[in-house]
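Chemist: Protein chains in written order, with our numbering: chain G, 544 to 805; chain P, 544 to 805; chain E, 544 to 805; chain B, 544 to 805.
Careful, some of the hints might be misleading.
When chains are identical, the list treats them as one kind, so a pair holds in a single copy or across two.
[Stated by the list, open to error] Straight-line C-alpha distance at most 35 Å; calculated DSBU-like pairs for lysine-lysine:
(1) 625 to 775
(2) 778 to 625
(3) 598 to 781
(4) 778 to 599
(5) 745 to 781
(6) 598 to 745
(7) 796 to 755
None of these hints come from the bench; they were simulated from the model. All figures in this text were calculated on a predicted structure; none of them were measured in a lab.
4 protein chains.
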Amino acid sequence: MRCIDLNTDTGESFGRWTLGADEELISFVSSANIACGMHAGDPLVMDRTVETCRKKGVSVGAHPGFPDLQGFGRREMRMTTKEVESYVLYQIGALQAFCGSFGLRLSHVKPHGALYNMAATDMELALSVARGVARAGNDLILVGLAGSLLLDAADRIGIPRASEGFCDRAYNPDGTLMPRSSPGAVITDISEIASRAVRMVKDGVVLSSDGKEIPLRVDTICVHGDTPGAAKIAKAIKEALSENGIEIVPLPKVLAVRSPRQ
Amino acid sequence: MRCIDLNTDTGESFGRWTLGADEELISFVSSANIACGMHAGDPLVMDRTVETCRKKGVSVGAHPGFPDLQGFGRREMRMTTKEVESYVLYQIGALQAFCGSFGLRLSHVKPHGALYNMAATDMELALSVARGVARAGNDLILVGLAGSLLLDAADRIGIPRASEGFCDRAYNPDGTLMPRSSPGAVITDISEIASRAVRMVKDGVVLSSDGKEIPLRVDTICVHGDTPGAAKIAKAIKEALSENGIEIVPLPKVLAVRSPRQ
Amino acid sequence: MRCIDLNTDTGESFGRWTLGADEELISFVSSANIACGMHAGDPLVMDRTVETCRKKGVSVGAHPGFPDLQGFGRREMRMTTKEVESYVLYQIGALQAFCGSFGLRLSHVKPHGALYNMAATDMELALSVARGVARAGNDLILVGLAGSLLLDAADRIGIPRASEGFCDRAYNPDGTLMPRSSPGAVITDISEIASRAVRMVKDGVVLSSDGKEIPLRVDTICVHGDTPGAAKIAKAIKEALSENGIEIVPLPKVLAVRSPRQ
Amino acid sequence: MRCIDLNTDTGESFGRWTLGADEELISFVSSANIACGMHAGDPLVMDRTVETCRKKGVSVGAHPGFPDLQGFGRREMRMTTKEVESYVLYQIGALQAFCGSFGLRLSHVKPHGALYNMAATDMELALSVARGVARAGNDLILVGLAGSLLLDAADRIGIPRASEGFCDRAYNPDGTLMPRSSPGAVITDISEIASRAVRMVKDGVVLSSDGKEIPLRVDTICVHGDTPGAAKIAKAIKEALSENGIEIVPLPKVLAVRSPRQ
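Bound conformation, chain G alone (with noise of 0.2 Å):
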């Protein structure tokens, strides 16, 4: 039986400012990225946001960013190869203690936002994030964007890797992202969305912008909860998903039933 990993990024409120809804939307899916407090995310909604984790039985990863509250983590930084390594273990350690605290062990990282754009494609910067995660120790498992130099710079370092593909998200023939400003970037139609996610796993692979398939082997599927909807397009692809015979199971689970390497 084939199974998927659904994943959200979630824990980025900041203090007063509410983001996204947390709670519905961890029901959904198998695996949580939790903000770290470099990009959004402090200490009080990591705790909290840890806690419904537990409750909702949902796998917990760290989400780390760069150090850049007021744009998100979404503007490019360049900072020395020596610098990414430090950001990202501090993130992760400061996750894990919440983790601890509640019984749970972390399961992954997946950088968030600039940090995991610029991973997919500069080696140096992927070998950097690699090299944090592995001194973080605990077998996490890195997530990238498929086929991605993330994936290749984990194999390097030697930690287990995971596969990401969006299912709201237009593809280049390459099999690279359509950056978000572009139109038609983002899919809005839920039906097309479920349907995009039954073939990645089904099938291995999504239909580029210019209508082709490309083949794209993925271990998690994205969840973006920051979506008008977000909570409706997750539960439409979950039922897709289980209409099709395709179990949701964290991303531990998944990496043990694949082939070594795939």
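Since the structure of chain G is already known, use the hints to place chains P, E and B on it.
Modeler: Then chains P, E and B, alone, in the frame of chain G:
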């Protein structure tokens, strides 16, 4: 044989700005309290400072503070008890990740600045700090001012604690510290500092500002790193203690040779 | 003919996080207090909010707060008097630049959150705020709680000041505000809110929590923007005032029609 | 008679952390560029530094940077053009308030670090900076690297601008600065520094890294304040210029004696 721990606050540089002669001072102490990025320190500084502690064989503690870089954690802030607990846990976790990556175990937690001072006299706040420490697990020792409520809070929460003395600071007749802003609050004569350290350990007393001996049981003595001539002072204290047959050992060992609750 | 200023706190979004229905609410008031980047707001938000005020013809004031984004300026902080003065001046200056670029003159300054509350009862702090405002020149009007020391401080420093009332908040018998955390502190019944606004202006009284009339002379009434249904409440207040022959005008005009010192 | 402005970056301390010998260095220059709280500086530091400039009779400029304290504004950040414009205006405004309160007029704006460097070669970014400066009004002079796009942007927006040279930095044959990280990029020999300053002003040339003279018209020369021995270097430059009959005057005067567009 008598023993004592010598501790110093360290890793309080931030980005481009350096503070304290960390490398040099760490050579003289048995415990280093490392800032965790809220009042000072940043991931790179923490990484480097933990590495220095490993090289020098010094015990590492977390030095959490209020989230106030501009005020260096010295401005009183009114946070909720839940906030304090989460902020303390966050900072401990971040530092633990660096320690773990160097094969070290964090041994203790000493709050910084206004958090330390406020927790000495405010039981609610003290309990919040202690709960944050307790949630981090690993039998972390909470360090507080000798005679303060922070130590009582540790007892109530059920975590190990250590009593701290300051040999370069004047004490009020009631055993509290004279505020830094008062004339004579900071002692600068090196031989006086050293002899106060010796008396604290040997006789369990300190001279108060009105010249009377007051009882003071301490497990650790603080050596300030940002005083001019800090390394010289540290050296003098260390030598004076040695000459008086007092061994300098990390906190866990100090507590181990004590009766269960002194 | 009687007149009053209606003011609202605005521009309190930050980066990716939005707060309050600024556009809508600004339509109902004569004065907008704009956050200046320390407790909320950022340069982009300030720029946009000043532009909205220009479009709607609303008087602009600075809304300086403690440097505490995570706490939204609502956590008490102990800063030195000199610090408070400099921080207030800094925030006013930043906002003035945006106003100037849109051809507007800043008219007033209303401290935010904990700074506002602490300055109501702490004369040293109140004088620091007033000095910061005075140093900005331009006859800026300092807005403070009716009956508070902040208004006395303005008098002592020799700058214009305006007395503020809250028609959606319960007052203690001594004329101070009941803390938000007390039950019944926030009034949510729209018609009650509107009638309290009218009585403040027409009769110079407010009903205290024990049902007695207490005198309260106000130059401006605050309309909270982050209450659910804020726009409806603002509309109701405005209509009730109009029906009672009370004109809504900006602060400089309110002060101009008053006797020099009421 | 020839004249030149000498400028220095100053006010780059932050909270507990001090940087640079501001008092001493300001004595040697005609213009001081003061950090505005985003990459360094805080309201207290700004207040104090403006006061020092007033005492020493030095012309004051704003030194806006990226919002990145940890990186000291030296890390490249990708902000939108609108963001850059608003951030520059914000910082100028904040500093203007301090200048005004001391009876000073701000004379110029020199971007800091990565913002300065990126704006030298990116026209969109350069125009954003220039627009921020233009919106602050008051005929502020925009200072940019000699030959850079930032100066072209000032021309296009229609604001005054000044061309800056570095006598302690090596130049590439194409007139750009050699990056700090390259060997030989920073010149430390005092007499060489001084003679390069003289040649820039007298002959309008600088020796490039391959030993050829390249033309370089400068209105102001930067004296770095955070170099060891900065005051000695400043003194040597000043004396060498005097001995060669070159007067040191603030930027407005330098520009006044120039032809309208050199």
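Chemist: Each of the hints needs a verdict: does it hold here or not?
Modeler: Outcome of the hint check:
1. For the homomeric pair residue 625 and residue 775, the shortest alpha-carbon distance between copies (33 Å) is at most 35 Å, but the shortest distance inside one copy (41 Å) is not.
2. Proximity of residue 778 to residue 625 under the C-alpha cut-off of 35 Å is restricted to the inter-copy arrangement: shortest distance 33 Å between copies versus 41 Å within a copy.
3. Taking the closest pair of Cα atoms, residue 598 and residue 781 come within 35 Å of each other only inside a single copy of the chain (19 Å); across copies the shortest separation is 46 Å, beyond that limit.
4. In this assembly of identical chains, residue 778 and residue 599 lie within 35 Å of each other by CA distance solely inside one copy; the values are 15 Å within and 42 Å between copies.
5. For the identical chains of this complex, residue 745 and residue 781 are intra-copy neighbours only, at 14 Å inside a copy versus 60 Å across copies, given an alpha-carbon limit of 35 Å.
6. When the C-alpha separation of residue 598 and residue 745 is checked against a cutoff of 35 Å, the pair qualifies only within one copy, where the shortest distance is 30 Å, while the shortest distance between copies is 53 Å.
7. In this assembly of identical chains, residue 796 and residue 755 lie within 35 Å of each other by CA distance solely inside one copy; the values are 31 Å within and 65 Å between copies.
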